[in-house]
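Here is how the chains run, residue by residue.
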Amino acid sequence: MTIDMAQFHQVFFEESFEGLDIMESGLLDMEPGQADSEEINAIFRAAHSIKGGAGTFSFMDVANFTHVMETLLDEMRDGRRQVTAKAIDVLLKSVDVLRHMLTSCQDDEEIDQAAVAVQKAELERILSGSADDAGSAAQQETTVEAEAAPEIKAEERIVAWKIVFNPHDNILRTGNDPYRIIRELSELGDIEVQCDAAQLPEMEDYEVEDFYLSWEIKLNKAVEQQTINDIFDWVEDECDMAIVPITEGGSAAVVDTALPLAETSKPATGTQLQDETAQDEPAAALPAKPQPVAKAAKSGAAKGGGGSIRVDTAKIDSLINMVGELVITQSMLGMLGEGFNMSRVEKLIEGLGQLERHTRELQESVMQIRMLPISFTFSRFPRLVHDLSSKMGKSIELEMIGEDTEVDKTVIEKIGDPLVHLVRNSLDHGIEMPADRAAAGKPETGKIQLIASHKGGNIVIEIRDDGRGLNRDKILEKALEKGVISDAANLSDKQIYELIFEAGFSTADQVSDVSGRGVGMDVVRRNINELGGGIEIESDPGKGSAIIIRLPLTLAILDGQSINVGEETYIVPLVSIIESIQVRADMVNMVAGKGETFKLRDEYLPVIRLHEVFGIKNPKTTNISEGLLVVVEGDGSKCGLFVDDLLGQHQVVIKSLETNYKKVEGASGATILGDGSVALILDIPDLMRLAKKYQPAQFLKSA
Amino acid sequence: MATILAVDDSASMRQMVSFTLKGAGYEVIDAVDGVDALNKAKQQAFNLVITDVNMPNMDGITLIAELRKLPNYKFTPLLMLTTESAPEKKQAGKAAGATGWIVKPFNPDQLLATVKKVIG
Numbered sequence: 001m002t003i004d005m006a007q008f009h010q011v012f013f014e015e016s017f018e019g020l021d022i023m024e025s026g027l028l029d030m031e032p033g034q035a036d037s038e039e040i041n042a043i044f045r046a047a048h049s050i051k052g053g054a055g056t057f058s059f060m061d062v063a064n065f066t067h068v069m070e071t072l073l074d075e076m077r078d079g080r081r082q083v084t085a086k087a088i089d090v091l092l093k094s095v096d097v098l099r100h101m102l103t104s105c106q107d108d109e110e111i112d113q114a115a116v117a118v119q120k121a122e123l124e125r126i127l128s129g130s131a132d133d134a135g136s137a138a139q140q141e142t143t144v145e146a147e148a149a150p151e152i153k154a155e156e157r158i159v160a161w162k163i164v165f166n167p168h169d170n171i172l173r174t175g176n177d178p179y180r181i182i183r184e185l186s187e188l189g190d191i192e193v194q195c196d197a198a199q200l201p202e203m204e205d206y207e208v209e210d211f212y213l214s215w216e217i218k219l220n221k222a223v224e225q226q227t228i229n230d231i232f233d234w235v236e237d238e239c240d241m242a243i244v245p246i247t248e249g250g251s252a253a254v255v256d257t258a259l260p261l262a263e264t265s266k267p268a269t270g271t272q273l274q275d276e277t278a279q280d281e282p283a284a285a286l287p288a289k290p291q292p293v294a295k296a297a298k299s300g301a302a303k304g305g306g307g308s309i310r311v312d313t314a315k316i317d318s319l320i321n322m323v324g325e326l327v328i329t330q331s332m333l334g335m336l337g338e339g340f341n342m343s344r345v346e347k348l349i350e351g352l353g354q355l356e357r358h359t360r361e362l363q364e365s366v367m368q369i370r371m372l373p374i375s376f377t378f379s380r381f382p383r384l385v386h387d388l389s390s391k392m393g394k395s396i397e398l399e400m401i402g403e404d405t406e407v408d409k410t411v412i413e414k415i416g417d418p419l420v421h422l423v424r425n426s427l428d429h430g431i432e433m434p435a436d437r438a439a440a441g442k443p444e445t446g447k448i449q450l451i452a453s454h455k456g457g458n459i460v461i462e463i464r465d466d467g468r469g470l471n472r473d474k475i476l477e478k479a480l481e482k483g484v485i486s487d488a489a490n491l492s493d494k495q496i497y498e499l500i501f502e503a504g505f506s507t508a509d510q511v512s513d514v515s516g517r518g519v520g521m522d523v524v525r526r527n528i529n530e531l532g533g534g535i536e537i538e539s540d541p542g543k544g545s546a547i548i549i550r551l552p553l554t555l556a557i558l559d560g561q562s563i564n565v566g567e568e569t570y571i572v573p574l575v576s577i578i579e580s581i582q583v584r585a586d587m588v589n590m591v592a593g594k595g596e597t598f599k600l601r602d603e604y605l606p607v608i609r610l611h612e613v614f615g616i617k618n619p620k621t622t623n624i625s626e627g628l629l630v631v632v633e634g635d636g637s638k639c640g641l642f643v644d645d646l647l648g649q650h651q652v653v654i655k656s657l658e659t660n661y662k663k664v665e666g667a668s669g670a671t672i673l674g675d676g677s678v679a680l681i682l683d684i685p686d687l688m689r690l691a692k693k694y695q696p697a698q699f700l701k702s703a
Numbered sequence: 704m705a706t707i708l709a710v711d712d713s714a715s716m717r718q719m720v721s722f723t724l725k726g727a728g729y730e731v732i733d734a735v736d737g738v739d740a741l742n743k744a745k746q747q748a749f750n751l752v753i754t755d756v757n758m759p760n761m762d763g764i765t766l767i768a769e770l771r772k773l774p775n776y777k778f779t780p781l782l783m784l785t786t787e788s789a790p791e792k793k794q795a796g797k798a799a800g801a802t803g804w805i806v807k808p809f810n811p812d813q814l815l816a817t818v819k820k821v822i823g
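Line order of the protein sequences matches chains A and B. Quick note on the numbering used here: the first sequence kicks off at 1 and runs consecutively. Quick note on the numbering used here: the second sequence kicks off at 704 and runs consecutively.
With the rest of the complex left out, here is chain A:
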């Protein structure tokens, strides 16, 4: 039987990467000098599994490399080797190398052998140095081999074997079957068996679980002793045995002894295996087509890496439950349809309501499947903080809260880089050097918190630090200098802080290799906006700062409010709507530089006329008192959208505009309405930026 091992590769890679994450976080938690055996054990287990899998699936480079790591971890686990900072460091680097190796294997690329060799040498240097009990594993192995080596003198020509096999009375209790031994011996060659039943007790003393027989077996074949030893491998401790060679002329006539040794010298099992593979190969080579197909499938699976999700069975069970409910509802509706008349309308409405409820539940369950804990993203930060803080000579403690918070898989994939950027910023600009902290009366060790939580229909990720906070004046100065703003007047602190998200902004006096050239914050905001989320900043000078990211729970479905302007329908995400009001014309003022604004309680909010922004020709009204103002919030600021009318609220399925059409300013996506027409989903923060561009014109026109 040939089994295509490639089909298991994807799972192997996935679990190996998971194993690497376990190793990495375990190593980061490890303190030099003290060995938490549970922790080391977990790391060892992960390495061990990767080695085992790699060996099985023929990634020999990976198996060999992991073996060295495993040896070191094993010694640490047994307390034979000190857990030093150096060793932890080398192991961490080895994790990186291993990750590269596995990625290369997955992508069908060449492994960077040079890097592997360098790292392996590092590991071996640690292994050979200060040997508490160096190489004991290796020693053990060689002794075992030496023991097992056949003890036959070369010049004697063996023609047969005499084997005495006397199982202990407990042999059955190990699950071993003595007859299996005899059966296997018989497969090696012709055997003569003599049973010795002398130990059989009287019937009344007979213990059914005990074993009483023994045998003397003559194997009329000149096999290697190792082959026979192998058969007894499992029962060595459960029997007395003797394996005695019978040499030519040494014993009574054995007829068929003329076989040359060479032919039978290979262990029988080995020969069988080789034969089978030898047969399989031409068979597989004959049909020329399946091979390339299999290869393509394999590389396809490899390239599509990360395409699969491991799902909790409970989630699938609930899904199946839902489908069951749905089928029942459907058949109920089907029955209702037979011989339908108006008297049954009520039943029909009830049934449709049920259908809607079940569909919604099913949809929620399906969405649940895409949800993964944010720890997938958070897990990389301990390492990042560890490496960077030691590089910068800062002392930083990272605290992660809410790692179990579940978010959509796409968010997991896309939020990583922005978060890395933000954490780096906190490390680099936020947290001060230990001496400065001490001078400011703060503990020398700085603290960065990563917090994830659910709030309403959003997931909120916060990056908080207790560093120096943002420097309001420096940001203003820089913003003016770079021309990001033209006038510093009447900007609130919050608005000033938000300037750092503008393109081309950097306040670092010296560009460091940690947070780079400040090309990032605008990109960070864009990435988060692309995920349908928003970003806010809070700062308390001298005490620290916080970046707060809000993201939708799922990217596939959105609770929306549909509105119309002229003949167009738009969807406003429900989460961004605060309220909808009708205003009188006298509530709206023109403010220089800001355009049309209206007063809502104590705030002055800008008005965005959708018909102007989107260039709609025939709105129902341009008179502000005849339409509606939908007050929305995005990225921490509010505005009023001037629309003709509110339509209904519903869940809409988000379709990407980029993939199906092209990016549309002010819209985050599109959806298909019940009547088949397409509606744009408004991107409130983007819309506000877009509206700003129109304002001067609007101002001129109205003035």
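It should be emphasised that the hints constitute simulated quantities derived from the structure, not laboratory data. Keep in mind it's a predicted model, so treat the numbers as computed, not measured. Idealized CB from N, CA, C, for every residue including glycine. Warning: the hint list may mix true and false statements.
[Said to hold, decoys possible] Computed beta-carbon distance windows for the label pairs: (1) B:L773 with A:K347: 42 to 48 Å; (2) B:N760 with A:T84: 52 to 58 Å; (3) B:N760 with A:T445: 32 to 38 Å; (4) B:N760 with A:Q363: 34 to 40 Å.
[Stated by the list, open to error] List of simulated lysine-lysine pairs, DSS-like, C-alpha gap at most 30 Å: (5) B:K725 with A:K315; (6) A:K315 with A:K474; (7) A:K638 with A:K494; (8) A:K347 with A:K409; (9) A:K599 with A:K638; (10) A:K455 with A:K478; (11) A:K93 with A:K474; (12) A:K620 with A:K594; (13) A:K455 with A:K617; (14) A:K218 with B:K820; (15) B:K743 with A:K120; (16) A:K692 with A:K494; (17) A:K594 with A:K655; (18) A:K162 with A:K120; (19) A:K655 with A:K86; (20) B:K745 with A:K315; (21) A:K218 with B:K819; (22) A:K494 with A:K442; (23) A:K442 with A:K414; (24) A:K692 with A:K594; (25) A:K617 with A:K663; (26) A:K315 with B:K743; (27) A:K162 with B:K820; (28) B:K819 with A:K162.
Once you've looked at the hints, dock chain B against the given chain A.
Here is chain B on its own, set in the frame of chain A:
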């Protein structure tokens, strides 16, 4: 047909073992660690148990010792999957009541040959 319990914390190994054995006509149930395996073994009788050694929650050697305590598993063949570099594991396994072992890495043919040897 014989029913086999395959225990391994590694999903790829579990897949490989079940796929191979199912292909040969055995019925295979798998378990992710010793605790899972022990629960399953109590609910259903297996003709053979194949277990990995290094596993979280309950390792293979403890599993074997626990299984041997159960009346139904007194004589059941219990095989462990172990690496060549761990002769002491073999000894510990034997002491716990293991029938034998399959040395890792192994290929499907070797696995099948060993299983056939034990339960036909």
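Verification of the hints:
The hinted range of 42 to 48 Å is not satisfied by L773 of chain B and K347 of chain A, whose Cβ atoms lie roughly 56 Å apart. Separated by about 30 Å at the C-beta atoms, N760 of chain B and T84 of chain A break the suggested range of 52 to 58 Å. Against the hinted window of 32 to 38 Å, the Cβ-Cβ separation of N760 of chain B and T445 of chain A comes to about 35 Å, which satisfies the hint. Separated by about 35 Å at the C-beta atoms, N760 of chain B and Q363 of chain A satisfy the suggested range of 34 to 40 Å.
Taken as a hint, the K725 of chain B and K315 of chain A pair is honoured in the structure, with Cα atoms around 26 Å apart against an allowance of 30 Å. For the suggested pair K315 of chain A and K474 of chain A, the alpha carbons sit about 51 Å apart, so the restraint of at most 30 Å is broken. A distance of roughly 13 Å separates the Cα atoms of K638 of chain A and K494 of chain A; the hinted pair therefore holds under the 30 Å criterion. Among the hinted pairs, K347 of chain A with K409 of chain A is inconsistent with the structure: their alpha-carbon atoms are about 40 Å apart, more than 30 Å.
Distance restraint check for K599 of chain A and K638 of chain A: the Cα-Cα separation of roughly 12 Å lies within the 30 Å cut-off, and the hinted pair is therefore satisfied. Simply put, K455 of chain A and K478 of chain A have alpha-carbon atoms about 35 Å apart, too far for the 30 Å limit, and the pair is violated. At most 30 Å may separate the alpha-carbon atoms for a hinted pair to count; K93 of chain A and K474 of chain A exceed this at roughly 39 Å. Between K620 of chain A and K594 of chain A the CA atoms are separated by roughly 25 Å; this keeps the pair inside 30 Å, and the hint holds.
Using a Cα cut-off of 30 Å, the hinted pair K455 of chain A and K617 of chain A is violated, with the two alpha carbons roughly 39 Å apart. As the CA atoms of K218 of chain A and K820 of chain B are separated by approximately 21 Å, the hinted pair is consistent with the 30 Å bound. A hinted pair counts as satisfied when its Cα atoms are at most 30 Å apart, and K743 of chain B with K120 of chain A does not qualify at roughly 41 Å. For a cut-off of 30 Å, the pair hint linking K692 of chain A to K494 of chain A stands: about 18 Å separates their Cα positions.
Annotation: proposed proximity of K594 of chain A to K655 of chain A is violated, straight-line Cα distance about 34 Å (limit 30 Å). Pair hint K162 of chain A plus K120 of chain A does not hold up; C-alpha atoms about 48 Å apart against a cutoff of 30 Å. Restraint check for K655 of chain A and K86 of chain A: the C-alpha separation of about 51 Å exceeds 30 Å, so the hint is violated. At roughly 26 Å between alpha-carbon atoms, K745 of chain B and K315 of chain A fall within 30 Å of each other, so this suggested pair holds.
With a C-alpha separation of about 24 Å, the suggested pairing of K218 of chain A with K819 of chain B holds against the 30 Å cut-off. Taking the CA atoms of K494 of chain A and K442 of chain A, the gap is about 25 Å. The hint holds against a cut of 30 Å. Between K442 of chain A and K414 of chain A, the direct Cα distance comes to roughly 35 Å. Violation of the 30 Å bound is thereby established for this hinted pair. Simply put, K692 of chain A and K594 of chain A have alpha-carbon atoms about 8 Å apart, close enough for the 30 Å limit, and the pair holds.
With a C-alpha separation of about 22 Å, the suggested pairing of K617 of chain A with K663 of chain A holds against the 30 Å cut-off. Using a Cα cut-off of 30 Å, the hinted pair K315 of chain A and K743 of chain B holds, with the two alpha carbons roughly 21 Å apart. Annotation: proposed proximity of K162 of chain A to K820 of chain B holds, straight-line Cα distance about 23 Å (limit 30 Å). This hinted pair checks out: K819 of chain B and K162 of chain A have alpha carbons roughly 26 Å apart, not beyond 30 Å.
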